[in-house]
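Heads up: the protein sequence lines correspond to chains L and D, in order.
With the working numbering, letter number 530 in the first sequence gets 612, and the count goes up by one each step, no holes.
With the working numbering, letter number 108 in the second sequence gets 1597, and the count goes up by one each step, no holes.
To be clear, the hints were calculated from the coordinates, so they are not data collected in a lab.
Any given hint could be a false lead.
[To be verified] Per label pair, the in silico range of CB-to-CB distance: (1) D:1730 to L:666: 29 to 39 Å; (2) D:1730 to L:615: 30 to 40 Å; (3) D:1667 to L:713: 31 to 41 Å; (4) L:760 to D:1627: 50 to 60 Å; (5) D:1573 to L:720: 51 to 61 Å; (6) D:1569 to L:778: 26 to 36 Å.
Every residue, glycine too, gets a C-beta built ideally from N, C-alpha and C.
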Amino acid sequence: MAKKKVDDKSSQNDGNTKSDGDLSSNDEEPNFSDPEGFVDDITDEELLGDILKQKPKETDGVESVIVVDGVPQVGPNRLEKLKSVINKVFVKFGNIVNEYYPVTPEGTTKGYIFIEYSSPVHAAEAVKVTNNFKLDKQHTFQVNLFTDFAKYELIPIKWDPPEPQPYQGQADLHYYLLEPDAYDQFAVVTAQGQSVQIWQNTQPDPVVIEERNNWTQTYIKWSPLGTYLSTFHKLGIALWAGPNFSQYKRFAHVGVQFIDFSPCEKYLVTYSPQGDPHNPDMKRIIIWDIRTGLEKRSFNPEGPTAWPIFRWSHDDKYFARIGSNNDALQVYETPSFGLLDKKSIKINGIRDFNWSPTDNVVAYWVAEDKDVPASVTLLEFPNRNEIRKKNLFNVADCKIHWQKSGDYLCVKVDRYSKVRKEKNETKYSGVYCNFEVFHMKEKQIPVDSVECKEPIQAFAWEPVGSKFAMIHGESPNINVSFYEVRVGQAPILLKKFEKRACNHLFWSPGGQFIVLAGLGSNGGGSLEFVDTHEFLIMNSTDHYQMSDVEWDPTGRYVITGVSFWKTKVDTGYWIWSFQGKILKRVNLEKFAQILWRPRPPTLLSEEKQKEIKKNLKKYYPQFESKDRMRQSKASKELIEKRAALMEKFQSHREQRIKEWMENKARRLALRNNIDTDELDADTENVEEEVVEFFIKEEVTVLE
Amino acid sequence: MKPILLHGHERAITQIKYNREGDLLFSASKDNKPNVWYSLNGERLGTFNGHQGAVWCIDVDWTTTKFMSGAGDNTFKIWDCETGREIGNIQTASSVRTCLFSYSANMAVYTTDKAMKQPCEMFIIDTRTIDDSISVQDPIMRIPVKGPRVSAILWDNVEEMIITGHENGELTQWDLKTGKQLSSVKEHDNIINDMQWNKDGTMFITASKDHTAKLFDSESLMLLKTYKTERPVNSAAVSPIFEHVVLGGGQDAMDVTTTSTRIGKFDSRFLPYGI
């Protein structure tokens, strides 16, 4: 404050001296004074802008002042000592411009002091650090900004309730489901997120409905029900939704690389494997509430773990992970985000677990330990009842596969006949495979076993229905087998395709149809579209170097892609019908990722679905005529467009040919008046030449 | 139609050309010796011996009396077609990459590479009488080409302008009266491997490593049509009788060993051109 006054004064002085100068001018000197009516058009900013910047503001002083309470009360004799102690504490935060120790008439300090820093930033820092600072046993500092006193004094006594904010209706997040022809959407990413396109798979040709450059920095992910599109950025995740893909929420998490949605889209788990080097306090896993955008809980994972570390129950009620030493299953509940019953479940040697897709049941398996055999256990939540347990012997590894409708559980058990311990590694030999099928919907959950002596390449449940498929055998004798599980029966082999060139299985989301695919550089890109109703191979084809196969959520289309992430040539995606008929080939440079937008499960009751299936014949003609109309309209438009282009080109050609004809004389002049426009244009100059070639020699011996 | 295989070159072919009547086929390769063949049966008529380096470019005049070649041995040679005798030789500062006779064959043009600290240059020489003096004669015109080297060249049929295709995909039109650049367009993103006129010289087609071939108007350099493929295009031509273009190309020779024949796409394609 004092500083400001001095400044004010000096500026006034400046004005005075100037006028003094004017007064002292005598006649001999030229008159420097402004003529009458002169208006100074140079502003102060132009003249001394750099100095004006330093001009103190009234608030500077007040905001830089802090009030320290709880200072020891001392007499004048010890004031200097106190000052040095106080100085030591507060000088750390910045340059102290001014300090004031109020004293009583007797000269003892009053127990509170004022300190002024050169900048409000320093004052704020001092308050943050030294508030509640313990000087000694009797004295604890209460530090506040000077302005805070004014702020709290000014609180009105009468309280006005806050104005209710007008409700901002948000756009319909499910608009895409209202598309009358039930066209699905898919997203295409090219070259490290440089461009993201959202396509509508309309007939006969898909159309782009949204295209943005640099929408994501790495890849994209749809939420499981298709409501949100998530994009990855250095600083976190952004979710986009609604008709124009407007930004829905942002989740700041530096260096995020992996995300996982809870099945009902209530929560989002983000994982930043490296964390933030500038902010070591940031946890590497954060769980967010999607609708509020608030952080619910955060974790730091211990040791390397497979993503997703947390697995969600189907209704978002629980999420669980395996404890750090494989000795416990930690189940958390929502919305409290605390451990269920405040303790984890001790399971020594737990190796892997999975939630049922329809019930709150966890299947986990435990490796064998000395005399205790390995086992697979089904645990019900929240009551922690063990509803089924099966012991297994000679187990090397297990994989837990739930059928999508939760009716069956298949545990693929890799078993060995011999085991050797070499140093710290366990080596298994004579490995074969068992499939343990749990009938979840039957009493006491009976378990059936299928044995397979060959190595298993892939296994997949039919999403709807009771079949499963597996690829087994070693190259070149790769076989594909289909089994069916029936009530009260062991699984029966339905069909075995022998000598196939595939390594992945892709069931249609609606069941019945399956694509057998050879992915990657070893797979050769083979494709077989199979109807498992009668085991008919509908089409057998290939997409060379194919890296992805994606069914649309309704099971009507399949997209195969060659991603730039895997190979550099011939990247792009092809669209097929479910029968394996090629519909479109899109060759796209630096094509990276393609994803169909998921759909939530149907709202129709089972009876209604059955009824529709039964009356399908009735609907066929409607759709077919619609398709035909669209087709003919599109081809008509195309023909018209082409005709217009051709016409334009032809008129241009005619013009140019006319010019060419006009130049004929010049051409003739250049070539000695010989017309060379056509090979035989100049008949007089043609000279016939007979060239004889030696073609064949035949020697015939005459008797 | 049966293909005729021409066995005669020992290294990669760099350029082939028919004479005007189409009865003779000239070929150049990296093995230093251009060849000439009967196109009817593939019999070799003779070779042009004298180059010490890879022959990059050849051309034959409209009367099939003179033949010329430019090579990596920094020479540009003119030959008598009938005898195969070297009748003219010009020493250059760097490799000769392209060469062409004018419509009347009274002039010829050749371009040199931007290499060995030499800039890319275009030379226009008088070819009415050719003898030993040609090596010391000054060219009619010497045009320095700033920027990337010329990789393909065309000369119009009234001898007014030259169109050059460049290593970076640029096309430039030169006025021969002044030696100045008339206009320039950049429609390709990679080297232009070849350029060819249509029959009447009002349009030309370019073949580029950027996986496309493009049809241009010769006067305005206006892009008329783009033909997209998935592989580098090495050569392209416009049919003289039908509304077709043909493109030839495929994987780079150096990448061939890493690709299977099935996906190499070493094929020719016929495409309609108007639309």
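Verification of the hints:
Distance hint check: the CB atoms of residue 1730 (chain D) and residue 666 (chain L) are about 34 Å apart, consistent with the given range 29 to 39 Å. For residue 1730 (chain D) and residue 615 (chain L), the hinted distance range of 30 to 40 Å is not satisfied, since their beta carbons lie about 54 Å from each other. Checking the proposed 31 to 41 Å range against residue 1667 (chain D) and residue 713 (chain L) shows it is violated: the Cβ atoms sit about 57 Å from each other. Between residue 760 (chain L) and residue 1627 (chain D) the C-beta distance comes to about 38 Å, which lies outside the given range of 50 to 60 Å.
For the pair residue 1573 (chain D) and residue 720 (chain L), the beta carbons lie near 55 Å from each other, so the given range of 51 to 61 Å is met. For the hinted restraint 26 to 36 Å between residue 1569 (chain D) and residue 778 (chain L), the CB-CB distance of approximately 32 Å keeps it satisfied.
Checked against the numbered hints given earlier, this structure breaks hints 2, 3 and 4; the rest are met.
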